[in-house]
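**Student:** Those protein sequences? They're chains R and Z, same order as listed.
Sequential numbering of the first sequence, starting at 9, is according to the numbering used here.
Sequential numbering of the second sequence, starting at 9, is according to the numbering used here.
FYI, nobody ran anything at the bench for these hints, they're computed from the structure.
One should not assume that every hint holds.
Identical chains blur together in the list; that is why a pair holds if it fits in one copy or across any two.
Straight-line alpha carbon distances no greater than 30 Å define the calculated DSSO-like cross-link-like pairs of lysine-lysine that follow [to be verified]:
id : residue 1 : residue 2
1  : Lys-187   : Lys-42
2  : Lys-361   : Lys-105
3  : Lys-115   : Lys-14
4  : Lys-115   : Lys-379
5  : Lys-87    : Lys-379
6  : Lys-42    : Lys-221
7  : Lys-349   : Lys-87
8  : Lys-115   : Lys-349
9  : Lys-187   : Lys-30
10 : Lys-187   : Lys-361
11 : Lys-105   : Lys-14
12 : Lys-42    : Lys-361
13 : Lys-155   : Lys-349
What follows is each chain in one-letter form.
2 protein chains.
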Amino acid sequence: MGQITKVSPLAPATFPDLPIIKGVRFGTAAAGVKYQGRTDVMMAILDPGTAIAGVFTRSRTRAAPVLDCQEKIGGANDKGAAILVNSGNANAFTGSKGVEAVTAITKAVAETCDIPQSRIFTSSTGVIGEPLPFERVTAVIADVFGKVDEGGIASAAKAIMTTDTYAKGASATVEVDGKTVSIAGIAKGSGMIAPDMATMLVYIFTDAAIDQKSLQSLVSAQADTTFNCITVDSDTSTSDSLIVAATGASGVDVTGNAEFSGALERVMLDLAHQVVRDGEGATKFVEIAITGAASDSDAKVHGMAIANSPLIKTAIAGEDPNWGRVVMAIGKSGAEADRDKLSISFGDVEVAKDGWRSPNYSEEAAAAHMKGEDIRISVDLGIGTGAATVWTCDLTHGYIEINADYRS
Amino acid sequence: MGQITKVSPLAPATFPDLPIIKGVRFGTAAAGVKYQGRTDVMMAILDPGTAIAGVFTRSRTRAAPVLDCQEKIGGANDKGAAILVNSGNANAFTGSKGVEAVTAITKAVAETCDIPQSRIFTSSTGVIGEPLPFERVTAVIADVFGKVDEGGIASAAKAIMTTDTYAKGASATVEVDGKTVSIAGIAKGSGMIAPDMATMLVYIFTDAAIDQKSLQSLVSAQADTTFNCITVDSDTSTSDSLIVAATGASGVDVTGNAEFSGALERVMLDLAHQVVRDGEGATKFVEIAITGAASDSDAKVHGMAIANSPLIKTAIAGEDPNWGRVVMAIGKSGAEADRDKLSISFGDVEVAKDGWRSPNYSEEAAAAHMKGEDIRISVDLGIGTGAATVWTCDLTHGYIEINADYRS
Chain R
9 MGQITKVSPL
19 APATFPDLPI
29 IKGVRFGTAA
39 AGVKYQGRTD
49 VMMAILDPGT
59 AIAGVFTRSR
69 TRAAPVLDCQ
79 EKIGGANDKG
89 AAILVNSGNA
99 NAFTGSKGVE
109 AVTAITKAVA
119 ETCDIPQSRI
129 FTSSTGVIGE
139 PLPFERVTAV
149 IADVFGKVDE
159 GGIASAAKAI
169 MTTDTYAKGA
179 SATVEVDGKT
189 VSIAGIAKGS
199 GMIAPDMATM
209 LVYIFTDAAI
219 DQKSLQSLVS
229 AQADTTFNCI
239 TVDSDTSTSD
249 SLIVAATGAS
259 GVDVTGNAEF
269 SGALERVMLD
279 LAHQVVRDGE
289 GATKFVEIAI
299 TGAASDSDAK
309 VHGMAIANSP
319 LIKTAIAGED
329 PNWGRVVMAI
339 GKSGAEADRD
349 KLSISFGDVE
359 VAKDGWRSPN
369 YSEEAAAAHM
379 KGEDIRISVD
389 LGIGTGAATV
399 WTCDLTHGYI
409 EINADYRS
Chain Z
9 MGQITKVSPL
19 APATFPDLPI
29 IKGVRFGTAA
39 AGVKYQGRTD
49 VMMAILDPGT
59 AIAGVFTRSR
69 TRAAPVLDCQ
79 EKIGGANDKG
89 AAILVNSGNA
99 NAFTGSKGVE
109 AVTAITKAVA
119 ETCDIPQSRI
129 FTSSTGVIGE
139 PLPFERVTAV
149 IADVFGKVDE
159 GGIASAAKAI
169 MTTDTYAKGA
179 SATVEVDGKT
189 VSIAGIAKGS
199 GMIAPDMATM
209 LVYIFTDAAI
219 DQKSLQSLVS
229 AQADTTFNCI
239 TVDSDTSTSD
249 SLIVAATGAS
259 GVDVTGNAEF
269 SGALERVMLD
279 LAHQVVRDGE
289 GATKFVEIAI
299 TGAASDSDAK
309 VHGMAIANSP
319 LIKTAIAGED
329 PNWGRVVMAI
339 GKSGAEADRD
349 KLSISFGDVE
359 VAKDGWRSPN
369 YSEEAAAAHM
379 KGEDIRISVD
389 LGIGTGAATV
399 WTCDLTHGYI
409 EINADYRS
């Protein structure tokens, strides 16, 4: 990926104020893995009893740290745990050297922090195929551990950035049984973003109490409607990881609690949207809402066909309400569709209905919607009750510049 | 699509000399469907006894002319037949108006040329969702029919162009039983190009004698390894059509003849490559050869994942031998792969082997290959005997300009 650092026009005005999550402390350091003059290692130390759930890339060329995390998720949580992330090198497609690096880093963290190695979760993000200079990471671990602090989450969000143009954070608090439960999360990601988890690292922390199995099933289900419903470029990373840690420090059991579940989903969706808003070269945030499909999974297939179509993404960049290309994408998706029952709207403007241009069609009104920064395309298939909403950004000269004009 | 008309840097030097195919005559006219000052209607009149095979888009939002052709393929061929194509308007997603237009055009051709309406095959290519002003087409039919000529195939290739930057033709002649059989074909297409047939119209003519069923099974099989193995932008048109007409005028029965079959496949592949070479904004022609896959279909899935990856296509545009992105595409494709058995070459330069950077890797040699106009990426999965080769082009600022900067 390239070196363009101008902040995305779709970025939030500021990094949000995130609540302190009891039971987790954060530290960062500048290890010089690849980047100079910035932090590139982040550590989160989790108290004994923390339940940890994870969702990872389904890529068949998964990176070594991902394989290591997947083995460890669901293990005993009576001792503490740690998350250790480096940016600048993905430690992916590095053969036995990759395993060696993961082993060295998790061993060093385990020894320094007095936590079992089976509870050290690592992620690496950056260049693929270069050996990770893991000694640079292990060299700073004692220093980072000496500085860990409850208030360090904003610095942690910065340390995990690669081509991101802004740090990403989101939070929620909910009342359960008269007590407050807090959730705070951070994420990185801007390219190689597609379903099945993208080049995206997400860490969410809560002081809620919940057993690991309940947390895992909640997180797996919610990943499907949030992170797995976004796409920047249809390309799926070898390293995507979402880790959710519940420290239990609030003493509030949230198992089966709908308010908590809703709050967690809002945090996930917020972070997922922030990743799309930082899509490489993005100038428009696009929501694609599909209804009336034969099934929910068909609706998602149609939504993703629209979201990944280069012709639609370039039309949006050109502020062109080109609904013919939406018809094309539905036709090619492979999911069920009946041309003559299709309706399509851009914003509130119905552009196509019952298989042809809408009688209410106004090129001017549709074009006016396309000039905005937030674009909404709604499609009603008219054949069932299946629905899904997915999110993407436009395809611009900026994407080409970032990925073609600069050597990675 | 846009209005950029600078000829593709990958275009052949000249339109080829195509042989006369006995039993077929061509005519063209400027009907002013959309374009001004150029021909936009082409007619091919086929002698009685011509066997006609067709392969069409699998889009679920197929255009009215495609549905009409699909119904007619395989019908009785004792009378003559005609192919009538207009450019400038796709007559797609036009509801009952679309059917009305097809009926009006096929009826007018049938009456003017004294051919059964069931043997009139039409295609339309251009804007989607606008009603086709079919009266402009029917108005010129008598004029076109009055001028049809055996030598008119080059003019026919020009009349069917839309965003194409050059006319596309290819031919072959083979000796069968001491007699010469000729094949000549024309094609159009440059955007909305992906498997399952793209915005692509292809017409191939031969004087060979072959029954319709044999021709159809030959053409269907060969379309899978030629036109269905190319992609420009992963977008699939509503109107793709490949029609092969065998007039039998040579008196040579080619049923089951391997030389004829090979020659027909070469013509198809040549036209398919010409479509890719005219890909919107293309500056590189890319061949992706997959071997060692679990099956041929797995090999094609991997090949298409590489060919459609925006990150790989932009890397090629930037002349960057970024094999990490190839690893990523294989991982996401969904087909079987073992990270540690993968080998990848760019041209003759092995860049990755057995799951890591090749010991022979030379960044300089790989970069030198990427500077050429013809790029070859070879991937050996190392797990089976499945193989496939697919073709694509790079993704450049030119593609964005054509599709975003100009209103369609």
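**Student:** If a hint holds in the structure, say so; if it does not, say that too.
**Tutor:** Tested hints:
1. Lys-187 with Lys-42: neither (44 Å within a copy, 68 Å between copies)
2. Lys-361 with Lys-105: Cα proximity of Lys-361 and Lys-105: across copies only (14 Å, versus 57 Å in one copy).
3. Lys-115 with Lys-14: neither (38 Å within a copy, 60 Å between copies)
4. Lys-115 with Lys-379: neither (53 Å within a copy, 44 Å between copies)
5. Lys-87 with Lys-379: neither (54 Å within a copy, 55 Å between copies)
6. Lys-42 with Lys-221: neither (37 Å within a copy, 62 Å between copies)
7. Lys-349 with Lys-87: Answer is neither: 58 Å inside a copy and 38 Å across each miss the 30 Å cutoff.
8. Lys-115 with Lys-349: between (60 Å within a copy, 28 Å between copies)
9. Lys-187 with Lys-30: Cα proximity of Lys-187 and Lys-30: one copy only (14 Å, versus 88 Å across).
10. Lys-187 with Lys-361: neither (50 Å within a copy, 56 Å between copies)
11. Lys-105 with Lys-14: neither (35 Å within a copy, 49 Å between copies)
12. Lys-42 with Lys-361: between (53 Å within a copy, 24 Å between copies)
13. Lys-155 with Lys-349: neither (61 Å within a copy, 42 Å between copies)
The earlier numbered hints that this structure contradicts are 1, 3, 4, 5, 6, 7, 10, 11, 13.
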